[in-house]
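> This is what each chain is made of:
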Amino acid sequence: MSDVMEQTSTGLREIVSFTIKGQGFCIDIGHVLEIRGWTPTTKLPHAPDYVTGLMNLRGTVLPVIDLSMRLGLGRSEPNPRHVIIIVKLGDSTVGFLVEAVSDILTVRPEEMKPTPDVASNQTKDFIEGVFARDEQLLRALDLKSIMPAGQGAL
Amino acid sequence: MTDLRTAFFEECEELLETLSDGLASLEEGADDSETVNSIFRAVHSIKGSAGAFHLNALAEFSHIFENVLDLLREGKLSADEDLMPLLYAAGDHLSYLVEAANGGVEVEPDRAAALVADLRRTANVEGSATEEEDPDTSAEDVAAIGAFQPINLDLGLPDLGSIDTGEAPAPTGPPRYTIRFAPKDELFETGHDPVLIFRALRALGPVEATADLTEVPAFSEIEWDRPYISWTLTLQTEAGRDGIEGVFDFVSDLCDLEIVPDLPPSTAQAAEPPAGGGETPDEDGPGNVDTGDAGTAAAAPTTAAAAPSAPSAAKPAAKKPEGKAARDTIRVELERVDRLVNIVGELVISEAMLRQAMSDSAMSAHGPAANAMGQLRQLSGELQESVMAIRAQPVRGLFQRMSRIVREVTRETGKNARIVTEGEATEVDKTVIERLVDPLTHMIRNAIDHGLEKPEQREAAGKKALGTVTLSAAHRSGRVIIELRDDGAGINRPKVRELAISKGLIAAGDDLSDAEIDNLLFAPGFSTSEKVSNLSGRGVGMDVVRSEIQALGGRVSIASEWGKGTVFSISLPLTLAVLEGMIVEVAGEKIVVPTTTLRETVRASEAAMHCLGDSERVLSMRDGLVPIVDLGESLGFRGRVSDFSDQSLLLIETDTGQRTALAVDRVYDQREVVIKGLEQNYRQVPGIAAATILGDGRIALIADTDQFTSTGPGTAAASVSASGDIFDDFSDFGV
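Protein sequences appear in the order of chains A and Y.
Just so we're aligned: 128 in this note's numbering is position 27 of the first sequence, and the numbers increase by one with no gaps anywhere.
Just so we're aligned: 473 in this note's numbering is position 467 of the second sequence, and the numbers increase by one with no gaps anywhere.
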């Protein structure tokens with residue numbers, strides 16, 4: 102993951118933090134294209150349960166992933182206060198449905214601690230480490246495992 | 007340089023197309039000089055540029071080919087039945103060489119040995135006549151030549167022997183020409199380089215160059231951008247005057263050029279030894295005056311004696327690059343066009359959103375805003391059409407490529423076949439054409455390899471030994487229909503059935519209609535060939551062909567009559583970008599059903615429906631029963647509705663005549679929608695062809711109606727209903 106992480110010249114990382122079901126998560130800002138308010142999505146047939154549907158981003162059709170469902174935290178009941186983080190990894194662009202975006206932070210890579218064992222297994226699979234900030238725990242998401250690479254469009 | 011190379015290969019593609027066109031009209035009997043000239047020019051241009059790019063194999067072969075064409079042009083050969091196959095073979099080989107050069111592939115050296123020999127022989131039978139250039143001699147130039155202070159130039163042409171010019175050292179070598187070449191300022195201003203021209207000349211035959219430095223002023227007076235140096239070149243070539251002029255085609259206005267044929271080789275031979283001896287190319291760098299080279303100075307007057315001075319000097323200047331001006335086109339990168347197409351797509355969507363917003367806000371339908379809106383709508387529609395037209399291309403190139411495949415396959419299989427093409431001018435989206443190459447190639451190989459019988463079998467069946475494969479294209483109701491017809495044996499249905507049973511594709515007791523048996527050919531893992539030939543039995547079956555065509559939004563169907571032949575029809579959308587669809591609603595979601603397969607819309611309450619078994623229902627139509635498929639259920643949006651009476655039924659009919667009634671909750675209107683692929687950011691979804699954006703900005707899915715109608719084994723319909731668990735695994739989620 103760190104290879105694709107945006108590193109500033111001083112070796113610092115900029116991250117976007119957000120909350121899902123009250124828990125703090127973060128991803129590298131380099132992957133974030135933009136952040137949008139929630140709009141109803143179009144249901145996709147035969148989709149995995151964590152895919153809420155399709156959204157229109159200025160003419161591009163994107164699938165929206167319910168991160169809460171993906172991380173095993175239960176289905177989100179989206180309301181207009183929810184936001185969609187548009188994320189690009191490789192050639193694909195997807196939207197992540199989250200409750201709220203909290204902050205943009207600058208962290209030193211060595212601040213990242215390994216994931217403690219207490220986390221639920223499904224959540225842990227998608228986390229590459231945690232940052233402690235202001236007594237809050239930010240779980241750094243591993244985008245590659247959330248959006249498995251090399252699977253190609255089927 | 008890379009850009010130039012790219013441009014060269016693009017140009018080659020066009021030239022090969024011209025060549026192919028010309029050959030076809032020649033065969034049809036259009037033996038006029040314009041046709042022959044266009045062929046000649048095409049080959050000639052390829053040769054000229056190939057030389058400039060050091061594509062020796064290509065330059066060399068086009069040269070040999072050109073010789074034959076030259077004779078044809080002069081009427082010394084005629085395009086009869088003996089010559090045409092040779093010309094075709096040469097054209098095919100030329101295409102092969104261009105492709106090889108483009109792909110950086112090593113050319114198989116023996117691939118065309120026989121062909122080259124044939125061409126050489128053909129050229130030589132009549133060839134002697136071409137060498138008779140003007141015997142008209144004049145010695146006026148002797149003095150001018152004598153005034154030269156020739157020097158040797160190292161053109162970086164180390165190995166002249168590598169260019170095969172036939173029997174170069176033999177006494178009957180190709181004729182010699184003396185070329186005087188004096189660049190003007192503009193030549194350098196426009197980026198031309200004499201060295202490249204000299205290299206191109208070298209591709210025609212052994213060349214010797216001497217520079218005339220008499221015009222070069224004292225060093226302090228030299229203006230850096232003035233051409234002070236002119237050259238005298240002697241070239242031994244079979245290319246003829248036209249061949250040489252061709253090299254100078256692009257600079258003919260930018261220089262003073264004089265091409266003078268020398269005395270016939272036998273005479274000139276006497277003058278050669280001293281010249282050859284004194285001019286080892288590695289002697290000195292450019293600019294060094296070689297005073298010791300009296301040999302050339304002595305030889306020059308002799309050779310120049312053949313110069314018909316005045317007329318020949320005037321001629322090159324008057325000669326314009328032919329065949330170029332006629333093409334009133336520009337080359338645009340596809341990427342730019344695609345960007346334009348995308349933007350126009352967005353514009354159309356925004357326009358629709360604006361229109362919807364206006365009607366939602368209850369604005370007057372006749373006010374000035376509405377009028378302007380109407381105008382905008384019309385303009386954006388026209389804009390969209392025009393942009394789509396940019397991407398459209400005639401299928402001619404594709405068909406020509408297929409003609410080549412036919413010739414290749416007939417050679418390999420020993421079957422006699424000819425190809426007839428119809429509707430080459432039909433225009434289709436460029437991407438569609440490109441992506442049709444592979445499936446069509448495969449189908450044509452199949453048609454000849456499996457479809458056509460051996461000549462003796464054909465004769466026994468009372469048919470002509472020469473089989474015919476017909477490839478046709480036509481526009482039909484908003485789609486392009488490409489048909490591949492052969493007059494072969496047709497599908498051996500009992501055998502197909504037997505094979506399908508042995509491969510477990512169908513059960514022994516299954517009762518299949520003829521059409522269903524024919525469609526088994528498309529089933530994965532099916533191959534009718536008893537022995538695997540290296541042509542079609544590559545493990546790539548017709549199922550791959552079908553999926554490739556489906557990926558283009560197309561359909562392929564098959565019809566066959568035993569003993570008479572088989573017809574494959576490919577039905578394709580005109581463009582990949584827009585589609586005419588009926589907007590319907592299912593379980594609260596809007597779905598677009600393409601109108602291409604839509605035959606009729608029926609209100610379920612007024613239709614005659616019957617139950618079949620537990621919950622299957624059929625619709626009773628005038629001419630039979632049609633199964634009803636609940637769209638909402640088969641897309642997994644909801645369970646089956648028990649009562650269809652509130653629903654509408656869309657009667658769908660595929661190209662193969664299979665019918666299905668799709669039950670939907672509500673039918674809205676019919677409109678044109680912009681197709682947005684799902685594969686880029688997601689993946690293909692069973693039952694869904696693509697997505698689109700509606701006027702309110704929401705996304706609607708476009709149903710792939712074929713998947714709800716096909717009933718054959720292993721088809722998409724099966725996977726639509728059997729889905730569910732296989733997609734739950736997140737690794738399926740293609741990103």
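Among the hints, a few may not be true.
[What the hints assert, rightly or not] Stretch by stretch, here's where chain A covers chain Y in the computed footprint (C-beta under 8 Å, at least three residues):
1. 635-643
2. 680-686
3. 699-708
[Said to hold, decoys possible] Calculated Cβ distances over 12 Å to all of chain A for the following chain Y residues:
4. LYS509
5. GLY693
6. ALA696
Rather than coming from a laboratory, the hints here were simulated on the basis of the structure.
Idealized CB from N, CA, C, for every residue including glycine.
> Next, verify each hint and record whether it holds.
How the hints compare with the structure:
1. 635-643: Check passed, 3 qualifying residues.
2. 680-686: Since 5 is at least three, the answer is holds.
3. 699-708: holds (count 6)
4. LYS509: With a cut-off of 12 Å, Y/LYS509 remains clear of chain A, as the shortest Cβ separation is near 25 Å.
5. GLY693: Nearest chain A Cβ is 6 Å from Y/GLY693, so the label is violated.
6. ALA696: About 9 Å separates Y/ALA696 from the closest Cβ of chain A, which leaves it inside 12 Å; violated.
Checked against the numbered hints above, the structure breaks hints 5, 6 and satisfies the rest.
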